[in-house]
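Each protein sequence line maps, in turn, to chains A and B.
Residue numbers for the first sequence follow numbering that gives the first Met the number 0, beginning at 0 and rising by one.
Residue numbers for the second sequence follow numbering that gives the first Met the number 0, beginning at 0 and rising by one.
Wrong hints could be hidden among the right ones.
Stated by the list, open to error - The calculated lysine-lysine pairs, modelled on DSSO-like cross-linking and capped at a C-alpha distance of 27 Å, are:
(1) B/Lys61 with A/Lys36
(2) A/Lys189 with B/Lys61
(3) B/Lys21 with A/Lys36
(4) A/Lys32 with B/Lys21
(5) A/Lys36 with B/Lys47
(6) B/Lys47 with B/Lys61
(7) A/Lys189 with A/Lys247
(8) B/Lys61 with A/Lys281
As the list claims (entries may be wrong) - Now the stretches of chain B that chain A is said to cover, found in silico as 3 or more residues with beta-carbon under 8 Å:
(9) 34-40
(10) 51-59
As the list claims (entries may be wrong) - Some residues of chain A that are not near chain B, with every Cβ distance over 12 Å (derived):
(11) Tyr85
(12) Tyr181
(13) Leu315
Since the hints were made in silico from the structure, they are not lab data.
Please read these numbers as outputs of a predicted model, since none were measured by experiment.
Glycine residues also receive a C-beta, built at the ideal position from the N, C-alpha and C atoms.
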Amino acid sequence: MKAFLTAIRTALPQAILDNNQLAAEYEGWSAEKIYSKTGIRTRHIAAPDECASDLAVRAAQSLMAHVDMDPSNVDYLLYCTQTPDYILPTTACVLQHRLGLPLCCGALDFNLGCSGYVYGLGLAKALIETGQARTLLLITADTYSKLINPADKSVRTLFGDGAAATLIVAAEEESLTGPFVYGTDGAGAKNLIVPSGGMRQAAVPEAQLVPDDSGNARTVNDLYMNGAEVFNFTLRMVPEAVRQLLAKAGIESQAIDLFVFHQANRFMLDHLRRKLQIPADKFVIAMEQVGNTVSSSIPIALQQAQEQGQLKPGALVMLVGFGVGYSWGATLIRWAPTSS
Amino acid sequence: MSRSEFLRALESELGLPAQSLKQNQELAAIESWDSMAAVQFIALADEKIGINISGDQIANAKTIDELLSLCGDRLNA
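Just chain B, same shape as in the assembly (with noise of 0.2 Å):
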């Protein structure tokens, strides 16, 4: 899976027009970036990538692109 079609799947999930986030973005700046975000960005990476994110990973983030680095080199550039 590729890093954009894995930020589609997460606007999806979080209700997020389409394109809407970008990567370099930062997540403090995202209206609907709480903790239930994060709780679906866990469930989102469990699903379809089958990797386990913690909280404390997320929690060191400060940007999108931070975010996705978490899922490491199962997601491609």
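Only chain A is shown next, with the shape it has when bound in the complex (with noise of 0.2 Å):
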């Protein structure tokens, strides 16, 4: 059997962090600059009890609703998040239950970010291709802006929470060919890191607010970028996992109908896109509404590619993640959903 993406929905929370809101806040940058600098005018942010899960309940169920299918035809979810629920139990547990998946169903977590899709999709390749599921819920989540501190524009601007909900299945025809690259280099964990929180160090309570040499600042318990790091880890890395996956395809990038690389930040995204020589309609740009969505970025915007026009019924696309880790992952599929 071989694997099929059907379709993708996605979720976002209600409540927008516009441009202007951020200018009014921070001094010296104006929604335009900050727009000119990102490529992003807003972002959607999780109310304050609203959870990563509760957006991927209302993907997953948007999802199924339009296929038209039963929530107990799936018999296995992969959830990707970095904002789980719970340290334990297994938040893909709770959602089997609040989507009414059936009991013989298998359900786990996995904790990637930026990569988080594509490594998704190679899970999902494998446990059907292997007869261990015949109808696959992919959901990525995230509510980053909880990590954030308000005080730390820097990333503030960058991200946004948002989730996707990707169905694929078994059949005679395949979407998720391959191949696919991989890479991780832990020596950049530290560049993009919430440091406390975890087991490693306790979430510290009434932790100090250090502020940075660029006017930001943060405390030990809210999530930290070196912006500048993890731009020269994508310079460097992006396309040589590129080239790895055209030469292990057998292909050339001219053979490439569309690339979808995780939406990061705009400036990123043109500087690659150039030192790739890639044409700019081949190229997705998808994060002006919605900012970084971490996992979700690469789904989202192969939705919005697809709305728009841009990604077509059999279309060759090459869909690059990477991001914290540091993680990454490439790797090609062919386009054919059922119904758009």
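Each of the two chains sits in its own frame; use the hints to bring them together as a complex.
Structure follows, in structure tokens:
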């Protein structure tokens, strides 16, 4: 059996953080300047009592309604998140119950960020081709906003909350053709990290707000990103991953119909596009309304590209996810959804 | 590429008037030198010279001159 990607549906929180609000809070930054530097106008922000899993439920229910499928048909749930409901139990188990998936369904969380969707597709392909699953739900969801200190404009302008649910089924026709290229470099762990709250260091009550050289401030309990280092990493690794994937597939870049990269920031994407000599009409930019939605950024971009006609049935699409970890993954898919 | 050519390109990238960046200028004194500018510098070095400069290297540079020195011998005087 082959892995066929049937459909993608997304879910975003209702509340919006736009550039005017950010400009009002941060001296010297106009709304237009924020847009020109990041390519983002709005980010969706989860409500105080709204978890990533709540967005996951909405995305999954929207997806199942769209394909007119009863939840009892799902036999495997993969949930990618870095903002789980609990340290334990597994949030995917809770999702099984909330979504009404059957008791015979397998379910697990996996903790990846920007590379998560590509890894999720790899796992889905493996599970289906080995006969372990026939109807698989891959859900990505995160609420990075809850990890960000309001005094840290460097990350507050970039990240948005959101979820995406993807249905992958066993079929004669294949979407997840592969090949896959993976990569990991833990030397970069410290460059995109929430230092406390895990087993290594407990969350610090009343932690001290520490300013940095750029006028941003955060505590040890908050998300920290060394933008320059992460950018340096993407410049080194993404072109190499693209080259490795094309070599593995035995094709040239011109054979690819559409490139969908993790939507980290506009400046980085534009630079990569030029560096890789990819024509603009073959390169998806889909972050203006949602920001960087971590592992949901690729499926959200795919959904947007399809709605806008940039992604057509039969297209050969290259997906490249890269970031926190450091972790990266790249793959090819043949886009042929049953219904748009 | 010469140092002054690279400086002109950097000025353009940062939206600064041509000839406004001087080699002995302190980075801390330049208003538009922030974390985003560091990223733009990395991108420029990658695009114009094809070298990979890290954030740590940039953080240690105090003047424009020290910044340009990170590009090594790829930049002519």
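Structure-based check of each hint:
For the hint linking lysine 61 of chain B to lysine 36 of chain A, the alpha-carbon distance of about 24 Å falls within 27 Å, and the restraint holds. For the hint linking lysine 189 of chain A to lysine 61 of chain B, the alpha-carbon distance of about 24 Å falls within 27 Å, and the restraint holds. Proposed proximity of lysine 21 of chain B and lysine 36 of chain A is supported: the alpha carbons are some 24 Å apart, at most 27 Å. Distance check on the hinted pair: lysine 32 of chain A and lysine 21 of chain B sit about 25 Å apart at the alpha-carbon level, within 27 Å; holds.
The hinted pair formed by lysine 36 of chain A and lysine 47 of chain B meets the criterion: a straight-line CA distance of about 20 Å does not exceed 27 Å. Between lysine 47 of chain B and lysine 61 of chain B the CA atoms are separated by roughly 22 Å; this keeps the pair inside 27 Å, and the hint holds. Between lysine 189 of chain A and lysine 247 of chain A, the direct Cα distance comes to roughly 31 Å. Violation of the 27 Å bound is thereby established for this hinted pair. Distance check on the hinted pair: lysine 61 of chain B and lysine 281 of chain A sit about 40 Å apart at the alpha-carbon level, beyond 27 Å; violated.
Taking a C-beta to C-beta cut-off of 8 Å, the stretch 34-40 of chain B contributes 5 residues in contact with chain A, enough for the three needed, and the coverage statement holds. Counting residues of the stretch 51-59 of chain B whose C-beta sits closer than 8 Å to any C-beta of chain A gives 7, which meets the bar of three, so the coverage hint holds. Annotated as non-interface, tyrosine 85 of chain A keeps its C-beta farther than 12 Å from every C-beta of chain B; the closest such distance is 34 Å. At roughly 22 Å, the least C-beta separation between tyrosine 181 of chain A and chain B is larger than 12 Å, which holds for a residue marked as non-interface.
Interface exclusion of leucine 315 of chain A from chain B stands, the closest Cβ pair being 28 Å apart, more than 12 Å.
Checked against the numbered hints given earlier, the structure breaks hints 7 and 8 and satisfies all the rest.
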